[in-house]
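Colleague: Sequence:
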Amino acid sequence: MRKCLAALAMMMATSGPAVSWGQTQAASGDPTSSSPNGAVRHLEAKNGDEILTLRYFRIRKGSFPQFLEASQSGIWPFYEKIGARIIGMWKVIPSPGEPESAKDYDEVYLSTRYASLEHWSATRNPAALGGDGPDYSALQKALAVRQSLTLETRVTFMRGETGPLPPVYFPPTGERFIPAP
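Numbered per my numbering, the sequence shown finishes at 181, counting up by one with no gaps.
The hints are simulated quantities; they were obtained by calculation from the structure and are not laboratory data. All C-beta atoms in this analysis are idealised placements derived from N, C-alpha and C, irrespective of residue type, glycine included.
So the derived label-pair ranges between C-beta atoms look like this: (1) E152 x E98: 16 to 26 Å; (2) I87 x P181: 38 to 48 Å; (3) A138 x S95: 31 to 41 Å; (4) R124 x P96: 34 to 44 Å; (5) P94 x E118: 37 to 47 Å; (6) E44 x T150: 28 to 38 Å; (7) R154 x Q72: 16 to 26 Å; (8) K91 x N125: 26 to 36 Å; (9) H42 x K141: 22 to 32 Å; (10) R41 x G160: 28 to 38 Å; (11) N125 x F157: 17 to 27 Å; (12) P181 x R124: 30 to 40 Å; (13) A144 x Y105: 15 to 25 Å; (14) G38 x E80: 13 to 23 Å.
All chains, please: the whole structure from these sequences, using the hints.
Modeller: As structure tokens, then:
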């Protein structure tokens, strides 16, 4: 039995497993493939030159609760899965003693940490980093809700020092997966 296990371990060490864990099998290591994203396996996490984004939104007046809910339930979980770290989202309020704004829109800021500019760029295609399963469908629905409430948005990139827990970025291997027999 020990010889059989040793032979199997030697085979796997030299050739790698024939089937990945779970219900899928690696079909290709070609990252340029145009096939659907499917499952994604990652390389080792990369340290980067951490950045922080400060995204400004002008949204429909009174829609902040719905905007925040879509972010918290459908967008943030997926982005945190792919290594971004959400710091928070805030609605602009009047300073003490100032009257409520008469503007016909609300203003919101979202702050997010990324491992690097490369990491932020990679998150522009979230399915390539996190797959296109049920949580990706939830992401798409939540993004549609947020987009329907957004009148204007822009992002500012910043670099500096933050708290002790860094964001992580696991680049995908580029493999395609097919169902195991």
